[in-house]
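Student: Turn these sequences into a full structure, and let the hints steer you where they fit.
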Amino acid sequence: MALLILFAAALAGGYIFPWWWPAIAAYGIGFWLPRNAASAFASGFAGAGLAWAGLAAFLDWRNHHLLSGRIAALFHLQTGWAVVALTGILGGLMGGLGAWAGYALRAYAMPRPAGVATVPVGGTAGSLSADGETGIPDSPESADTDADPDPGRTAAT
Amino acid sequence: MNPKSRPGWIKPVALGGALVLFLVLIDSRLGPLPSLGRFFNPFSGFWLNADDGRPKDVKLRAPGLNETVSIVFDKRQVPHIFAQNAHDLFFAQGYITARDRLWQMEIQTLAAAGRLAEILGPEMIEHDRFQRRLGIPQAAGQAVEMMKKNGESWQAAQAYAEGVNAWIAEMEPGDYPLEYKLLDYAPGHWTPLNTALLNKHMQWTLSGMGDDLPLTNTLSKFGADFIALYFPERRGDVPTVIPSGTPWGPRADSSSAAGPDSLGGFFRSIPFLRVPDPDLRDSAAGGGPTKSQPAPRSKGPASPDPLPVLPKSPTPGNGSNNFVVSGSRTLGGHPILANDPHLDLGLPSIWYEVQLSAPGIAVYGVSLPGAPAVVIGFNRKIAWGMTNGNDDVFDWYRITFKDSTLGEYMHGKQWKPTRKVVEAIKVRGGATVLDTVVYTHQGPLVLKSQERPANRNSPSMHALRWLALDPSDELLGFIRIMKSRDYGEFSAALEPFHCPSQNFAFASVSGDIAMFHHGLFPRKWKGQGRFTMDGSEPGNDWSGWLPRSAEPAVRNPAQGWLFSANQTPADSTYPFYLGSGFADGQRPKRLAQLLSESDSLTPDGAFRILMDDYDMHASELLPALLERIAKAPLSPEDSAARRDLAAWDYRHTAHGKAPALFDAWWRQLYRAIWQDEFGADSTHYQWPDKDRTRRMILEEPDADWYDNITTSPRETLGFLAARTFREACALTRTGGKGREWAAYRPVQIRHLARIDAFSSLGVESGGCGDCVNALKSTHGPSWRMVVELGQEPRGYGIYPGGQSGNPGSAHYGEFIRDWAGGKSYPLLFLRGPGSEAGAISYRISLRGK
Chain A
0 MALLILFAAA LAGGYIFPWW WPAIAAYGIG FWLPRNAASA FASGFAGAGL AWAGLAAFLD
60 WRNHHLLSGR IAALFHLQTG WAVVALTGIL GGLMGGLGAW AGYALRAYAM PRPAGVATVP
120 VGGTAGSLSA DGETGIPDSP ESADTDADPD PGRTAAT
Chain B
0 MNPKSRPGWI KPVALGGALV LFLVLIDSRL GPLPSLGRFF NPFSGFWLNA DDGRPKDVKL
60 RAPGLNETVS IVFDKRQVPH IFAQNAHDLF FAQGYITARD RLWQMEIQTL AAAGRLAEIL
120 GPEMIEHDRF QRRLGIPQAA GQAVEMMKKN GESWQAAQAY AEGVNAWIAE MEPGDYPLEY
180 KLLDYAPGHW TPLNTALLNK HMQWTLSGMG DDLPLTNTLS KFGADFIALY FPERRGDVPT
240 VIPSGTPWGP RADSSSAAGP DSLGGFFRSI PFLRVPDPDL RDSAAGGGPT KSQPAPRSKG
300 PASPDPLPVL PKSPTPGNGS NNFVVSGSRT LGGHPILAND PHLDLGLPSI WYEVQLSAPG
360 IAVYGVSLPG APAVVIGFNR KIAWGMTNGN DDVFDWYRIT FKDSTLGEYM HGKQWKPTRK
420 VVEAIKVRGG ATVLDTVVYT HQGPLVLKSQ ERPANRNSPS MHALRWLALD PSDELLGFIR
480 IMKSRDYGEF SAALEPFHCP SQNFAFASVS GDIAMFHHGL FPRKWKGQGR FTMDGSEPGN
540 DWSGWLPRSA EPAVRNPAQG WLFSANQTPA DSTYPFYLGS GFADGQRPKR LAQLLSESDS
600 LTPDGAFRIL MDDYDMHASE LLPALLERIA KAPLSPEDSA ARRDLAAWDY RHTAHGKAPA
660 LFDAWWRQLY RAIWQDEFGA DSTHYQWPDK DRTRRMILEE PDADWYDNIT TSPRETLGFL
720 AARTFREACA LTRTGGKGRE WAAYRPVQIR HLARIDAFSS LGVESGGCGD CVNALKSTHG
780 PSWRMVVELG QEPRGYGIYP GGQSGNPGSA HYGEFIRDWA GGKSYPLLFL RGPGSEAGAI
840 SYRISLRGK
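Heads up: the protein sequence lines correspond to chains A and B, in order.
Mapping the first sequence onto numbering that gives the first Met the number 0, position 20 (from 1) lands on 19, and the numbers just tick up by one.
Mapping the second sequence onto numbering that gives the first Met the number 0, position 825 (from 1) lands on 824, and the numbers just tick up by one.
No lab work stands behind these hints, which were simulated from the structure alone.
Using N, Cα and C, we set each Cβ at its ideal position, and we do this for glycine too.
Be aware that a few hints might be false.
Computed footprint of chain B on chain A; a stretch qualifies when at least three of its residues, placed anywhere within it, have a C-beta under 8 Å from a C-beta of chain B [unchecked claim]:
{"no.": "1", "segment": "55-69"}
{"no.": "2", "segment": "77-89"}
{"no.": "3", "segment": "96-107"}
Which stretches of chain B does chain A cover? Using the computed rule of at least three CB atoms under 8 Å from a CB of chain A, they are [claimed, not checked]:
{"no.": "4", "segment": "18-32"}
{"no.": "5", "segment": "37-47"}
{"no.": "6", "segment": "752-765"}
{"no.": "7", "segment": "798-810"}
Tutor: Right under this line is the structure:
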């Protein structure tokens, strides 16, 4: 869910707002939707990254990979696809960091009420977006994230 | 990790900080890299320059136009502009040229103005300072004032500027050309001053040359006899631009023709100049034997330290070809004109093809992005082409100042005040640099004491007298040229064109052919300005100008053909001194040979002449050189190379191996002959040129110069030839085989900002500096054009680039392959916006209010 919303926001807002828009959008969405840090980062990275890489890939295809080849040479990359990937990574890092930071603020400002049960689920971007849609409750499961549950989950789903 | 072990706010703050840090990182420019965030943003960064190549017919509103303008693009993306009046025509030319070439237009003029540091930062300060010291921004300002006075050129430049600005106003930052995004700046407002600056840039390229300083160093080291012998002012065996036997003086066709009887009287009416400086006269006038000082071989008395010479900017050996053949010598019975200006090869190309049509104007040709009108081309009645005139209009004067304030200088036994102009060089990411340019009456003091600007040739404490710093209005010339309908109008149209002097070839549908060696020529004594001069001696100053009627020109000569290749314009009967920097190489000899042999020329044949890759330097020299090494002991591999070289047909084809070996051999030999005499600081001196050295090898096989003076045995020509042949074999051998010419001399068409990724490197093509197809590594035929002047003139042309200046467009370098292969395109000269619909790619309609 967070991934799709960010993907759409990054695309729509990209034509209106400055280049750092995905970071702002991801921050807001990270605050609003995800249930744990890993899912925040992953959905943020994937949402914004796919928006940037997707648009770049479309423009590249329409251009018969002419410009991407030249930019690849400029940055000492092997192929134009690396330029598309780099575009995605830059967008993705903005989205991922933004969503994670947004999520962290939320976790600090509105901590989860004690005693709410959690059910572990996978932490990948794909399963997270599916989670949002099916309403399966999630849980922070990984060791590298803090065990801050998402108190806003009910509101979000 | 237990989250309770630290305060809860740390995490959101740290992550927020990391986010901001990341954004700042990809926002900033690191070294040469652009802001990654901005640059890669697919909504406004470089991805928007990925041209989809699907142009559509569009209708646009362009406030500022009086009437609607139709712009029709053919399959090669050449705009054919149809306007109802001259204002709208030049507006549309500015608009559409900016659409395709804006970055190039602007960067060239910023470079000329000495404003690159504004964009590229502190490392361009010395470049900018040099441009200011040359006086170029000041001179461009004066040129604008002159255009205002003339009216017609001003209106054209104004309308062009309106069009450029209309395009700029239409762009969002995402639409900016790629280079703006890469260098992270925005296009500025365009004014007629930019057009004037572009003209100064061309004047610098084509007239800002000369070897005054290195030749002066050679004079002081070797003496006047050496100069007289090894730096002849003209070569006897090269045909002049204006054929020998052409009468000088007012031409029979001009309205004020005085008739042949009065020619003597005419020239007597132009006072000849006395030669004021005895020291200079001896050498300048071609070496009077008055000082019988033998050329010292370096064991002689120490000569003064040479003034440093830095690699020159305008390429020595810049050249071009043009020729016209009258209908009596063509298959179709119509005159044929051909032209290929040789310039630095670059991307985006220096040329932009265009057809301009409005009441009273219908012209096709190439334009310079940044200036209205067409520079080389044809209309329905005439065709014209240009090569550089190479006259000496760039002289240096040694200045004696009263003191270190540079406030007063000696002239005619008097202290005279200098004029000082303060130039402000803005610097991106740095403080503005103020620089004072000191002017004497001759011109600007380009280098003050001890100053060493990067990569230019100019003596310190010398004032520069340069014709390009005088006001002139070449644009007015081009506007009148493209409107000309016959010989008389063309001749009159040249009048405002002063600098750089050009050989204008002309042909008309009415059957005329002509050649004008035209420019504004200072009246000089023989040899004046060949060496640096004493600035305190008034007799060394330029004094007035030759009248137009004294220019070397010819119309419809009996031989039926004319050509120029930057060689000496007129034979020794021509009474005025124009300079000694003419390119009397083998190229003009070969051109004359081909043209004299051709009595039924076709446009195809004319194009083949432009592509001719026969090297007369090699054909004259190589047999004699091979003779010298006939008995030299060589390895089996080198012997085989010698046999291959002996079988060479002297053609510089792309895949031949002999041309690479010969070229390497010649370079090694030339250096082996002269390097020792000129010593460690040899680059500060002018060396005898290729042609004189070849003549020496052929005619003076026992000259002293072959001996290497730094070794005790006496080297002979045969010894040097054999040694350098072995060196050349080793140099050109890769993997046991000789190297092909195209690999030895790869053609490099480099992006203007020297960005390899936007350049076309390793283009394979034939040709050589001494060939008619004078294609060197980074320099060569920048536009090949042939026009047959039948009832309907028919043109053929090609340039090594493409109409689009966008490296992300398929049209960026689309002509390069065909250009390298020697092909040409028929030039589509449309009658109206609706004609030849099958040849049209798309249309733009620009509507006024």
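Student: Decide, hint by hint, whether the structure agrees.
Tutor: Structure-based check of all given hints:
Look at the segment 55-69 of chain A against chain B: 10 of its residues bring a Cβ nearer than 8 Å to a Cβ of that chain, three or more, so the hint holds. Chain B is given as covering the segment 77-89 of chain A, and this holds because 3 residues of the stretch bring a CB closer than 8 Å to a CB of that chain, at least three being needed. By the rule of at least three residues with a Cβ nearer than 8 Å to a Cβ of chain B, the coverage given for the segment 96-107 of chain A holds, with 8 such residues. Coverage of a stretch by a chain is defined here by at least three residues with a beta carbon nearer than 8 Å to that chain's beta carbons; for the segment 18-32 of chain B and chain A the count is 5, and the condition holds.
Counting residues of the segment 37-47 of chain B whose beta carbon lies closer than 8 Å to any beta carbon of chain A gives 10, which reaches the threshold of three, so the coverage claim holds. Under the rule that three or more residues need a Cβ within less than 8 Å of chain A, the assignment of the segment 752-765 of chain B holds, with 4 such residues. For the segment 798-810 of chain B, the stated coverage by chain A is satisfied: 4 residues place a CB nearer than 8 Å to a CB of that chain, which reaches the threshold of 3.
Hint compliance for this structure: every hint is met.
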